[in-house]
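Listed below are the residues making up each chain.
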Amino acid sequence: MKKIYICLGIVSILTFSGCGKKEPESAAKEEATAPATAPATIDDANAATVTGKVAFSGDKPTMRNIDMSANPACARAHSGAPPKSEEVVVNDNGTLKNVFVWVKSGLPERQWPVPSTPVELTQKGCMYGPHVIGVMANQNIKIVNNDPTNHNIHPLPKINQEWNESQPPKGEDKLKRFAREEVMIPVKCNVHPWMRSYIGVVNHPFFAVTGDDGTFTIKGLPPGTYTLEAWHEKYAPQDVQVTVGAKESKTVDFPFKAS
Amino acid sequence: MKNVWLHRYVVLWAFCTLFLVVAGGLVTSHDAGLSVPDWPLSYGKLMPTMEGNIFYEHGHRMVATTVGLLTIFMAVWLWRAEDRRWMQNLGWIALLAVTAQGVLGGLTVIFLLPRPVSIGHACLAQLFFSTTVAISVFSSPSWKRGSIMVDDDGAPPLHWLAIGAPLCVFIQLALGAAARHQAIGILPHVAGAVVATGMVLWFTVRVLMRHADYDSLRRSALALVSVTFLQVFLGIAAYMSRLATAEAPQPMPVMVGFTVAHVAVGALTMAASVVLSIQVFRNVRRPMPAMQTARIAIPF
Chain W
1 MKKIYICLGI VSILTFSGCG KKEPESAAKE EATAPATAPA TIDDANAATV TGKVAFSGDK
61 PTMRNIDMSA NPACARAHSG APPKSEEVVV NDNGTLKNVF VWVKSGLPER QWPVPSTPVE
121 LTQKGCMYGP HVIGVMANQN IKIVNNDPTN HNIHPLPKIN QEWNESQPPK GEDKLKRFAR
181 EEVMIPVKCN VHPWMRSYIG VVNHPFFAVT GDDGTFTIKG LPPGTYTLEA WHEKYAPQDV
241 QVTVGAKESK TVDFPFKAS
Chain V
260 MKNVWLHRYV VLWAFCTLFL VVAGGLVTSH DAGLSVPDWP LSYGKLMPTM EGNIFYEHGH
320 RMVATTVGLL TIFMAVWLWR AEDRRWMQNL GWIALLAVTA QGVLGGLTVI FLLPRPVSIG
380 HACLAQLFFS TTVAISVFSS PSWKRGSIMV DDDGAPPLHW LAIGAPLCVF IQLALGAAAR
440 HQAIGILPHV AGAVVATGMV LWFTVRVLMR HADYDSLRRS ALALVSVTFL QVFLGIAAYM
500 SRLATAEAPQ PMPVMVGFTV AHVAVGALTM AASVVLSIQV FRNVRRPMPA MQTARIAIPF
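Chains W and V, in that order, give the protein sequences. Numbering of the first sequence is given in our numbering, commencing with residue 1 and proceeding in unit increments. Numbering of the second sequence is given in our numbering, commencing with residue 260 and proceeding in unit increments.
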């Protein structure tokens, strides 16, 4: 009986000694890195595709000028015309740019393979490019500073680990990753307060970001019924349900309205 | 003679501290708090390139270092030159406060602006500035001329108001700091403004109606009521400018200007309330028990 009490005591101490401590980033990474099962492969023969566009209606918002005079190195990069805020970019064809479209639910519980190629996030002319990116959890993000000025990269996640690191002018590229799914993670540069980017981190490869034509394509989906979400930094996210069969292609549009 | 120079030095120190409060306000308003990711060095150097928001963050650190050095010198000077033991102790308390303030500032950088630390940093800044102003008053020639000792038999006792008013102002400053660091909404700060302004008006009108003949009390009361009105105006202006520039891609000068002025005048309001309270405790006799029973309840 005494031995049982001793064992219980040791277990309790070990349990409570872990309470209240912040989980270190490395641990978070390891947890997400270790696959529960072998990574699933995309069945190209039966894969379905969802395409569509993000339409915008209403008055087109004015893209506001950014004043970079506080940092001449930034201002020089835009000597032709003042740079514009990318908060809301309406394309010429009436579609919305920088919308993150992803499969929010409906996928089978699988461990999807993480691409080995990193997604690049560049700081050029004291602007982030692209403004919105999508990555898989644990996929590398290559952060590049092409500017002749210091930047700091400061993601503000709610689920993943927050960090803040500087990157000197034309300094060495940084490879960073996020361990857990999180849509979206704002990224800012506190040296240049107009700089803002968003990273969508998901557990699977079924996502896309709308570009200059406002369209998106999500390929390689297994047959099934899914909830697709379109996220934009200013407007409320929209969900749409779609059912696809084997080799089927479906079109889904998201209508956004000016607020 | 040496005490005259000590007083002048303390006044200079108080002005530098107010400038430090302004520098801190500029950091928060420009969202520059984490523009320098390391501490105590900046980008691994004593002097980084002062570009973009690094100018505000590293500038704040430079002013803070200067005020820290001034405080060390002030504490040693008080210890060497002051006969009053409590003044010597006040100097050491100020030194302790500025050290704690520096550590809190460092923690905000290292732990990526945790709200309780950021709010604590903002509140301690206000208390530290009030301490510098209080030491200025205690070291002034007029303080050494002695007290006037007048009676005040109003209700509630003026000494209660002398405690209540700075306390309300300080709570209001803490609510402002919490709103600024997005720990709470703006409504508690607006409600706090009504309470703090009401309390300050009650205190100052009471002093002005009953003791306006005495320079030290009248001047302190007028100073407090003036900065309070200015502070209310600046608070409204800061809020309106924030609403007007909410869609801007970066902090706009009009918003930064009004907000930083609001922070600085907030520090002056706190200090003015502390000074008036000091003058009340020094110059107004506490009501005797017999007077307390006989007094009539008059609001002012």
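Accuracy of the hints is not assured; some may be wrong.
Covered stretches of chain W (chain V as the covering partner; in silico rule of three or more C-beta atoms under 8 Å from a C-beta of chain V) [as the list claims (entries may be wrong)]:
#, segment
1, 61 to 68
2, 148 to 162
DSS-like, lysine-lysine: derived pairs with alpha carbons at most 30 Å apart [claimed, not checked]:
#, chain 1, residue 1, chain 2, residue 2
3, W, K142, V, K403
4, W, K124, V, K304
5, W, K176, V, K403
Quick caveat, the hints were computed from the structure, so don't treat them as lab data. Note that CB positions come from ideal geometry on N, CA and C, so glycine has one too.
Structure-inconsistent hints, enumerated in ascending order: 3 and 5
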